[in-house]
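K.L.:
Residues per chain are reported as follows:
Protein chains: 2
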Amino acid sequence: MSEFSIIDRFCKGIGATSEHTVIGVGDDAAVVNVPSGMQLAVSVDTMVEGVHFFPSVAPADLAYKLLAVNLSDMAAMGAEPKWATLALTLPHEDAAWLAAFSNALDAAAESAGVQLIGGDTTKGPLCLSLTIMGLVPKGKAISRAGAEFGDDVWLSNTVGDAALALKVILGQIELPESALSNIAPALHRPTGQVALGLALRGVASAALDISDGLLADLAHVASLSQVCIEIHQERVPLSDTYRAYLQSGGSYESALAGGDDYQLAFTAPSKQREAILAISDVVSVPLTRIGSVVEKTAIPVRLLANGKPVKLNSDLGFQHFG
Amino acid sequence: MSEFSIIDRFCKGIGATSEHTVIGVGDDAAVVNVPSGMQLAVSVDTMVEGVHFFPSVAPADLAYKLLAVNLSDMAAMGAEPKWATLALTLPHEDAAWLAAFSNALDAAAESAGVQLIGGDTTKGPLCLSLTIMGLVPKGKAISRAGAEFGDDVWLSNTVGDAALALKVILGQIELPESALSNIAPALHRPTGQVALGLALRGVASAALDISDGLLADLAHVASLSQVCIEIHQERVPLSDTYRAYLQSGGSYESALAGGDDYQLAFTAPSKQREAILAISDVVSVPLTRIGSVVEKTAIPVRLLANGKPVKLNSDLGFQHFG
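Note that the protein sequences, when read in sequence, are chains W and B.
Quick note: the first sequence uses the UniProt record's numbering, first residue 1, plus one each step.
Quick note: the second sequence uses the UniProt record's numbering, first residue 1, plus one each step.
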């Protein structure tokens, strides 16, 4: 099958359609309209076989997660995802794999309102890179740099399940079979918190998604905002499975430094507490206040366990090199 | 070195700055303004070690070419390149390689007026994917679908040198040492024809860049425009080195089906001939009339050698799978 046939069969017509798309897949470039009053948000995330996923992962799961990790970046900016380009590098032409991948990407993109407007298929070790583009009203993007002294620190849903599932799969820890089936979806089928991100525009002072570990990611907000963030370990929201693991002698590490969570952490003035709880109801996403923004100190993130400081090493999270 | 240090050291501040960029590298997503009256053009191109380049290629050449092949897509749409995101997958952290790559990308992007606004560095087999974004006035993008019966077919500069150089390097043909040094830059340092693309807005009826081979690429224009394209082989512009190779018994194959040329082929009504020759002068790019748009037939592209049809096989060009 030629590259052109691949693009024709598996890249065209993927995802939602948009009145703002002028030229889609099939020309030298796609052309889109950014409506007046809106800005364009752009982000890229890559997944490499053997690094971000096991060779055994189903192509449908891969498609779903590739989109989700990118949706998560749009969510963290308060941007509405609209378009994507896909760079797909495959070791060999495999029509069954491509069909499964492309059907799943189509369904996931359609449901997220995202249209695939460009693609490049190349031969090589399996590597998938998606650039996502979204719209945000002028001046309304939620950056990482806006946290202010006295703000609350919030977290959506729970963290740690994906990292915990990975440890079980790698044989580093043991959990009952039922426990793994509870937490595996967090690893294979994360969901970007897009509705939450949109609702937080004008409410959150800073936001980011937790992909590299809660503490490491919060350190970015702290550094860019020139503040320190104080977190209460016992307030960090955990799943029942994670709590059971803790009670049997497990560690907070996967929750605090595991990564791959794709939850939103955000800061907001305390006067926004009621508004935030109302948003939690509307978007049906539990939101937990886990700490506060304090004055800048030598370390960007301070972790307290029952009020007492916990010593952290310099590497607060998952890093691809290091 | 952590991913964050890599991004800080090698991805920030790359390329030109732009008044339209609101948030650059370092947040969950970049945010840019698309000025009123403009549309956004988006394209992605990937380069994989061992497929698109030899492991021995200098990182500076790689950076230069990665940008050039993407600039070429903007040129083919008549779009002004403005922003890029980079997905860089590297087998291991190599500060010298990264510094050379990033310095070259910075220089090339700066000179092209492109700003790097997003990046993702991951570990894995060497693979580089760049998504480029540009601006084009509303309704002025030059698509592949606008060629009309009676139009002329034009080509910029010459074609075939890159494919010929590759054959020499692979030992498939032999040329004098001086010949290779004449044509190697076409392979390692192609240049996107951005100024030409901008000048062709409102003049060309269709355009595309020649990356997969002249005939195969023209077939896309023919198919999308529902016409047939007739090319006169002896009019196809060739370098002196290529002509010498032909005279010593060489073939037209690299020129007609080689690819990797990054020249613009375009169609235009014959009344535009003078305007096109004036554009050629202004942008200092030789433009040659190589054929014409004729009525649709069963085959999209017809090749004539001294007026006589040349039989073509169905595979008109370089394809990554197949």
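Treat the hints with care, as some may be off.
Stretches of chain B that chain W covers, calculated by requiring three or more beta carbons in the stretch to come under 8 Å of a beta carbon on chain W [unchecked claim]:
1) 79-86
2) 101-114
3) 281-295
Cross-link-like lysine to aspartate or glutamate pairs, in silico, DMTMM-like; alpha carbons within 20 Å at most [to be verified]:
4) B:K140 with W:E253
5) B:K123 with W:E19
6) B:K138 with W:E49
7) W:K138 with B:E19
8) B:K167 with B:E230
9) W:K123 with B:E49
Calculated from the model, a selection of chain W residues having no Cβ within reach of chain B, i.e. all distances over 10 Å [said to hold, decoys possible]:
10) A30
11) L40
12) A76
13) A79
14) K123
15) F149
16) K167
17) E174
18) P185
19) N306
20) G307
If you are wondering where the hints come from, they were derived from the structure by calculation, not from laboratory data.
Just so it is clear, CB atoms sit at the ideal spot from N, CA and C, and this is done for glycine as well.
K.L.:
For each hint given before, does the structure comply? Return the numbers of the non-compliant ones in rising order.
P.N.:
Of the numbered hints, 2, 3, 4, 5, 6, 8, 10, 11, 12, 13 and 14 do not hold.
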